[in-house]
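Asks: Chains as they are written, first to last, in my numbering: chain A, 1 to 250; chain B, 251 to 574.
Careful, some of the hints might be misleading.
Claimed, not checked - DEER-style ranges, computed between Cβ atoms:
| id | chain 1 | residue 1 | chain 2 | residue 2 | range |
| --- | --- | --- | --- | --- | --- |
| 1 | B | ARG392 | A | ASP126 | 26 to 32 Å |
| 2 | B | ARG271 | A | GLU17 | 34 to 40 Å |
| 3 | A | GLY56 | B | ASP565 | 49 to 55 Å |
To be verified - Which bits of chain A does chain B cover? Going by a derived footprint, with three or more residues having C-beta under 8 Å, they are:
| id | region |
| --- | --- |
| 4 | 48-56 |
| 5 | 66-78 |
| 6 | 92-99 |
The hints are simulated quantities; they were obtained by calculation from the structure and are not laboratory data.
Note that CB positions come from ideal geometry on N, CA and C, so glycine has one too.
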Amino acid sequence: MADDSLLIVEGVHLIREGTEILHGVNLTVAEAEVHCLLGRNGSGKSTMAYMLMGSGGYLPSGGTVLFGGRDITDATMTERARLGMTLAWQEPARFEGLPVLDYLRLGMAEPSEERVREALEAVALDPAVYRSRNVDASLSGGERKRIELAAVYAMRPRLAILDEPDSGVDVLSLSDIRDLFARMREQGSALLLITHRDEMVEIADRASLICSGEIVMTGEPAHVQAHYCDRCEICDVAREVEEAADYERV
Amino acid sequence: MSVSRTKPVFTQGDEFEAIVRSYERAGGDGKNLLSPKFASMVVSGNQVLSTHELPGLEMVAEQLSDGVAARVTVAPGTKVELPVHLCFGVLPERGTQRIVSHFEIGAGASVEFLAHCTFPNSVEVVHLMEAEVRVGEGARMRYSETHFHGEQSGARVVPRGRILVEKGGAYLSEFSLTEGRIGELDFDYTVDVAERGRAELMVRAYGFGSDRLRTVETIRLNGAGARGLAKSRVAVREDAVSDVIATTEGNAPDSRGHVDCVEIVRDRAIASAAPLVRVTCDSAYVTHEAAIGTVNKKELETLMARGLDEEAAVDVIVGAMLKS
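Please take these sequences and the hints and turn them into a complete structure.
Replies: Quick look at the structure:
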């Protein structure tokens, strides 16, 4: 993997409110790779996502993160985003008064109407209906999720970290989302996909299993998925980590 | 009090052009002030530079020593298709402008006013707006007032409105002061709404530096089935202070009202909100919501994850909130 590695995480430790949540995590994601990150609730998946994106309070206490050959361990979120990394939260934020059109344009290097239309169509939303709607509470959870994916798609990132992009969307939408991810990979984006869904694991190139803040397995997606389903059970350590990882609840 | 009546005349000159340029900086379209399709009035200081009326719409302006008194009358049944443009400005650094206005909207009439107030050079400008409005039975009036102030923050803006909405009428007001420094804003509107009438008051303001804002919105739902919404969107940062008081009273059967205040506070700024609901009739129903807080972390980080720096992300969030 060394030659085409886009993201290299080496020995990362992370402490939240006095509790170590990530214990020397190692992970690599290649250019244009779809990489699934599997793990029980509380295993540290979302913490990994926030740490990688540089979210406030999620800077590592040890280890390094390299992105495109640059050490970004201490970089800000903005710096990481400008290098081509982005994150879609499991529960996307809502913005009172911000139209979808403006929201999608914010992340584009070269904003264009055509790109907005393409991004909305890529998530099976009618641009004529949605471009003028606001990214606020008037959208359903599924609509908001699709718009978040459209925003990530419109950005054309080198690496998109997607925290459970399939949660809260109906089964029929899953095929749309799978098609979207395939298209992003064709366009050169790597995806770090945090998911529980078999359908999503099927489209991955590789998968890793995280348990109690450690990557315990990386390999063929089907093999990792089988191990996750057959052997991984919620444990006391995971419960403790879940309680400490309170970002979403806050 | 010196008095001069001004009828439809266009006065072209340096001051007119300067005030039109300010008007355009405030978001207005200067061509509309010259177009015969649009009714309009342009006031600079205590000078009425131009007025243009349309059939069924009369605007009579009288010069005062410190401003202008204007009487705007829309004949019953008149539907004014295009917005009426009002332009008020003070170009010098110092001065007082008092606008005493009386709006009479006849039964069944419909009209929209777009008012732009510009004080681009204000160091010590006082702008007093004293409005009396009567919206007749079944009539509809929308009044949108947008301010543009310079960066000197020397303006003191005191809008006062007393509005009566008669049976089945509707009064919709938007006041916006989000461009340039506020200086001091002391806004106070009261609306009395009769049977099946409707009133909506909206204030948007963005204060920073040493700006001071006080907004008072009061809606009294006095007639059966009346509807009211008092809404405010305020952002303050640095050392600015805001005080929002919004009241809706349900005084008649089946009246429905709502108060909605949202404020974003940053830095050392101080914000307070007092949504007040009062019901004197057991079938009236009035609700309220108020929220004050700093910029939401997830909203901020979502935009930063798209490549915006923190300052730009805050501007997007605040700007969107002020437009909502």
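Asks: Determine which of the earlier numbered hints do not hold for this structure and return their numbers in increasing order.
Replies: 2, 3
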